[in-house]
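There are 2 protein chains.
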Amino acid sequence: MINFDFVSPTKIYFGKGREDELVGIVKQYGFKRLLFVYGGGSIKKIGLYDKLVKNLESAGIFFAELSGIRPNPSSEKVDEGVKICRNENIDLILAVGGGSVIDTAKAIACGFYYDGDPFDFNLHKVKPTKALPLGVILTLSASGSELSDSCVIMNDKTLVKQGFNDDIVRPLFAIMNPELTYSVSKYQTGCGVVDIISHSFERYFSKSENNDVADSLALAIIKETVRAGKLCIDNPMDYDARADMMLLGSYSHNGLTSLGKAKAMPIHKMEHALSAYDVNIAHGAGLSVLIPAWMEVSYKNDISKFSRFAKEVFNIECNNEDECAKLGIQSLRNYFHEIGMPISLGEINLSKNDIPHLVDMMTDDGTHVIGPTSIKPLTKEEIIRMLNSIL
Amino acid sequence: MINFDFVSPTKIYFGKGREDELVGIVKQYGFKRLLFVYGGGSIKKIGLYDKLVKNLESAGIFFAELSGIRPNPSSEKVDEGVKICRNENIDLILAVGGGSVIDTAKAIACGFYYDGDPFDFNLHKVKPTKALPLGVILTLSASGSELSDSCVIMNDKTLVKQGFNDDIVRPLFAIMNPELTYSVSKYQTGCGVVDIISHSFERYFSKSENNDVADSLALAIIKETVRAGKLCIDNPMDYDARADMMLLGSYSHNGLTSLGKAKAMPIHKMEHALSAYDVNIAHGAGLSVLIPAWMEVSYKNDISKFSRFAKEVFNIECNNEDECAKLGIQSLRNYFHEIGMPISLGEINLSKNDIPHLVDMMTDDGTHVIGPTSIKPLTKEEIIRMLNSIL
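Going down the list, the sequences are from chains R and H.
Note that my numbering has the first sequence beginning at 9, numbered continuously upward.
Note that my numbering has the second sequence beginning at 9, numbered continuously upward.
No wet-lab data here; the hints were simulated from the structure.
Take the hints with a grain of salt, since some may be wrong.
Copies of the same chain are indistinguishable here, so a pair counts whether it falls within one copy or spans any two.
Unchecked claim - Taking lysine to aspartate or glutamate pairs in the EDC-like style, the calculated list, with each CA pair at most 16 Å apart, reads:
id: 1; residue 1: K133; residue 2: D13
id: 2; residue 1: K238; residue 2: D220
id: 3; residue 1: K24; residue 2: E390
id: 4; residue 1: K35; residue 2: D246
id: 5; residue 1: K360; residue 2: E217
id: 6; residue 1: K24; residue 2: D13
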């Protein structure tokens, strides 16, 4: 086990109706001027927007609004949010939504105290040193951004989608009512399931030396996500399944499942290129196509780990580790297909012709391997072969 | 899943040599005057005391000392600590040790801001509203107090040993170097193993309705503790096993394994009576005697849960759930015996004659059942039968 620092300080208010407590929570911390960040129509459609506005107005709490945050959130919205915060003396950013909304709020929180372009944080040109406090009302179980140190933004001018990680962006509090996810479509729910699995999956398959605790927690989270994810898709108003998914989303990406390990996220890195290349590709859909393909090209580098994954997540019984590993890959691919997720490039409207450009984006024009610290670093040529195998 | 609030804000500095960073950490927070709380000779024997004193003195950081904290820590030491903090204008309490030292520090931290008797918190007469910040250097993997909201103190005058739970006592930071536990004896290590198992065990066996996530995490932690615990006892200087135990201790009792569940701790309640009755009984030793006995009398109230425990923790294969549950109980009892822990009252020097007094202490003179919200509330008569079965 390697040395590490870890903190996950977010206070969770979990359960039915908890969003009604927003005013009390905001007052308890003493905040007076909010920036209310949200996406499109979904929080209006479920009545959440009206309820929050009414409660904040009744309590006389000032708030400015920043809306229209899209998936693969844009750096332009970050710049706009920073301006509002400065003009309106905002003291709390309230993100109401899923990962894109929360990540936009995180970038604004850091950008507020920085004179340069906030995308510098994402380009790793500079580390944030201070951030406005951030509260979340979660409406989508997927990114885990409500507890995580991660902030992924897309620069529309350069088409670069990139994340940075810093404890400074971990939210102060998160209100999580699973009922707020009842209206999430089957497809979006499926994307969330894949994303949640991927966060512990990439940690589990990062190079480890004697990390049994982190690995066991990762497998427990993946197994539960496989179970609860299917239930959410079969019955979108299954409260307990939605609650499980919400918890799993948070704990799959807050760092718990990689304590004491070096973390490599090669599949995330490749997927960011996919959804930057075509913003219509949902992050979870891109991951769903890439994960089994990555497994096929990587499993021989750590067969016992793949075999353990197959046994613990899919209860696979087999004659030898190689067979077990292969059955595990097939089971995961089948599961993604079963919950309505794509497992080929064709299903996300990509073809052979797109591969050269995609691979250039993934590898920075062939100058970088993917996952230099992962169990199987991939060269440009290997990625081309991999993508051609899932046309 | 029931509604819940949860926060575990402690910043962890984990790994080899991390105690050398104490001065930097203290300075980074801006603390100037410490109360250094510790137990007996063990931190002196391993050279930790001298190292810390030298580093603090070199940095010109003031510290007062409170030493001689014993297992089943006494309320008198709490009172003494509160006085020192007030006289010396202490701004950080530094607990260097295991659960008793940390719990004493927690009680002092709250007592500092309270005019009455700090034991009032433990008697649940009053809730703490403010506490001095608390830092920990952990030297024993057992109580999980380094992350938990729990504080157990013994009142020497009344012989009442009781705990309270409040987020306000969760430490600000915890420095965890597994090497500092190399010198912990096999017996003390075993006591820690049982205590760590018990924290997730009692959560797992608390009444649940659809708490698959918490239950899966609990079983993962128990299974890993069974594995790593044995390795620590077989080879006390196995770094990775000691590191696993330290992580497991922290996450078995910070609340992660009971998220969304009502929590009942009936075995802890009974054990507190045992070690209050005879302070020579280590908490883990008392638990080791009581846990399998509690299982025997309770398993019929939730056979499938006991069966799942047996299968996942001990890989038991069997013909029916009843058989599986029974084999699980036997396996845990055998495991405790194998790691040198007592499994009968005789082994902790208690006999039939002690039972009436013990049971009166456990049930407040027969006025309370044990575990009213657990899967099997126990009356005075049932506890008498249970204790007679493990003479």
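Is it within, between, both, or neither for K360 and E217, if the alpha carbons may be no more than 16 Å apart? The answer is neither: 38 Å in one copy and 50 Å across copies each exceed 16 Å.
Should K133 paired with D13 be assigned to within, between, both, or neither, using CA atoms and 16 Å as the limit? neither (22 Å within a copy, 37 Å between copies)
For the identical chains here, do K24 and D13 meet the 16 Å Cα criterion within one copy, between copies, both, or neither? between (33 Å within a copy, 12 Å between copies)
16 Å Cα cut-off: does K35 pair with D246 within a copy, between copies, both or neither? neither (33 Å within a copy, 49 Å between copies)
Using 16 Å as the alpha carbon limit, work out where K238 and D220 are close: within a copy, between copies, both or neither. So K238 and D220 pass the 16 Å test across copies only (14 Å; inside, 27 Å).
Should K24 paired with E390 be assigned to within, between, both, or neither, using CA atoms and 16 Å as the limit? neither (48 Å within a copy, 38 Å between copies)
Checked against the numbered hints given earlier, the structure breaks hints 1, 3, 4 and 5 and satisfies all the rest.
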